[in-house]
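Chains as they are written, first to last, in the numbering used here: chain Z, 393 to 658; chain G, 393 to 658.
Treat the hints with caution; some may be incorrect.
Identical copies look the same in the list; a pair holds intra-copy or inter-copy alike.
[To be verified] Capping the alpha-carbon separation at 20 Å, the derived lysine to any residue pairs in SDA-like fashion look like this: (1) K540 x L522; (2) K412 x Q465; (3) K481 x P413; (4) K396 x Y642; (5) K540 x H409; (6) K412 x R422; (7) K481 x P416; (8) K426 x I488; (9) K481 x L418; (10) K540 x L524.
Quick caveat, the hints were computed from the structure, so don't treat them as lab data.
This one's a predicted model, so the numbers in the text were calculated from it and none came from an experiment.
There are 2 protein chains.
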Amino acid sequence: MSVKLTVLKLGGSVITHKDKPLIPNLPAIRRLAKEIASAKLANLILVHGGGSFGHPLAKRYKIKEGFNGKASQLLGFAKTHQAMVALNKLVVDALIKEKIPAVAVSPSSLIMTKSERIHIFQEEPLTKLLQLGFVPVLFGDAVFDLDKGFTILSGDQLIAYLAIHYKAERIIVGVDVDGLFTGDPKANKEAKLLNHVALKELETLMQQIGEAQVHDVTGGMLSKIREMIPAVEKGVNVLVVNAAESKNLYKALKGERVLGTVISRL
Amino acid sequence: MSVKLTVLKLGGSVITHKDKPLIPNLPAIRRLAKEIASAKLANLILVHGGGSFGHPLAKRYKIKEGFNGKASQLLGFAKTHQAMVALNKLVVDALIKEKIPAVAVSPSSLIMTKSERIHIFQEEPLTKLLQLGFVPVLFGDAVFDLDKGFTILSGDQLIAYLAIHYKAERIIVGVDVDGLFTGDPKANKEAKLLNHVALKELETLMQQIGEAQVHDVTGGMLSKIREMIPAVEKGVNVLVVNAAESKNLYKALKGERVLGTVISRL
Chain Z
393 MSVKLTVLKL
403 GGSVITHKDK
413 PLIPNLPAIR
423 RLAKEIASAK
433 LANLILVHGG
443 GSFGHPLAKR
453 YKIKEGFNGK
463 ASQLLGFAKT
473 HQAMVALNKL
483 VVDALIKEKI
493 PAVAVSPSSL
503 IMTKSERIHI
513 FQEEPLTKLL
523 QLGFVPVLFG
533 DAVFDLDKGF
543 TILSGDQLIA
553 YLAIHYKAER
563 IIVGVDVDGL
573 FTGDPKANKE
583 AKLLNHVALK
593 ELETLMQQIG
603 EAQVHDVTGG
613 MLSKIREMIP
623 AVEKGVNVLV
633 VNAAESKNLY
643 KALKGERVLG
653 TVISRL
Chain G
393 MSVKLTVLKL
403 GGSVITHKDK
413 PLIPNLPAIR
423 RLAKEIASAK
433 LANLILVHGG
443 GSFGHPLAKR
453 YKIKEGFNGK
463 ASQLLGFAKT
473 HQAMVALNKL
483 VVDALIKEKI
493 PAVAVSPSSL
503 IMTKSERIHI
513 FQEEPLTKLL
523 QLGFVPVLFG
533 DAVFDLDKGF
543 TILSGDQLIA
553 YLAIHYKAER
563 IIVGVDVDGL
573 FTGDPKANKE
583 AKLLNHVALK
593 ELETLMQQIG
603 EAQVHDVTGG
613 MLSKIREMIP
623 AVEKGVNVLV
633 VNAAESKNLY
643 KALKGERVLG
653 TVISRL
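Looking at chain Z on its own, in the form it has when it is part of the complex:
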């Protein structure tokens, strides 16, 4: 792999209709597939979120909390995983239509967690897939956990892990806001977009928000960003862009100037 790896996350809020369970945003999926194809990246891992496919089921059946020993929850796990498989199928189909050799990979088949953190990663098939020139398409998934039976592995934990493991050059996180703000841009007009955040500033920022006991005031962005810290520490640059707006993802993939937040070690 001569070209350094890009790990791309497509947020569930971009590719599904947030408030409508199991309704995909097909125009967005198709547009993003076209943007990814136009960027012609040689070395790419794609991970998508669950949006209105995975989240409502995971919540209803308390999958994150682990296995409670009941058959009804086993069925709930099956439904949650299968909803993610269904969303994944739409994403992979759209990529294949744009002639990208995309291959669906279920995290639950390669990764096991221990107390919700990635503990076992059976890398061989994914490594081979990248070596051959495929684009693996993974997702936030219901996975097996050594302590709890099963749990939810977020796409965010996954991208940071894969970026570190495969020594990625960068992570691009496509979301439905313009980046990381100093507050919640929807509630607070004073909130400012941060164009660049160094690791040290990020830690201060997270501390401030933690002290204020206000979680997710930045539109859910901060908990995502927290997962990126280990990757940033290893030198992976993270770029958060608004993938709900046309052309942003393309520009980000091409390394062109684009509105968003860059998070880097320095």
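Given the structure of chain Z, go ahead and fit chain G onto it with the hints provided.
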């Protein structure tokens, strides 16, 4: 796992329309899901074939022959795998509808072959899944090969491997004929159904057919059966039944008397 494992194969010819590319046989899939649910097995692995989903694409793009270095073939592999994922989704959806905690598992994510034979099997997630009480649903798949880049792993090779690995009690193979015949029942009225074949007889039978230079005169059954031999040698009983006929699979799963061919060590 107190109850011994059953490995069930649903032939691609049963769950798809053989001569119509990418057309599933939905009534058959639904009926089989109901039969499996009625049998209430505690310990089950399900594997299905490709039928008109996987086979035409695998053939068109020469996936079995290995990677030829061309981008068009990479896309062909992606299409082949994705067609199988699509068929798998229909099977798993039908099982979940019958309240079976079925979980889609792509062989290409856990298994790598070497010269077309299973060489690496990363078992942990599948083992955990069985321990928790899920029904994994795998399929004949386009997989990565250590020598050839990629190839096709047949569902038949897979079921024998899994049956041996997990010390299964039995393999049930659901096909669209009544079992193993002494010849091709469609072409030859003299062909007789074999109700029971011991390992030693099977070897003689295969030799006879081999000597006659006639491949697959038994309706494609003999190449399937060949893959079962290592499992039969280890004491796994194999039952071939006509799953295209209503109730046969149910009876087979319940251990009731059913028309078909039993293959056993003695």
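Go through the numbered hints given earlier and state which of them the structure violates, listing their numbers in rising order. Violated: hints 2 and 5.
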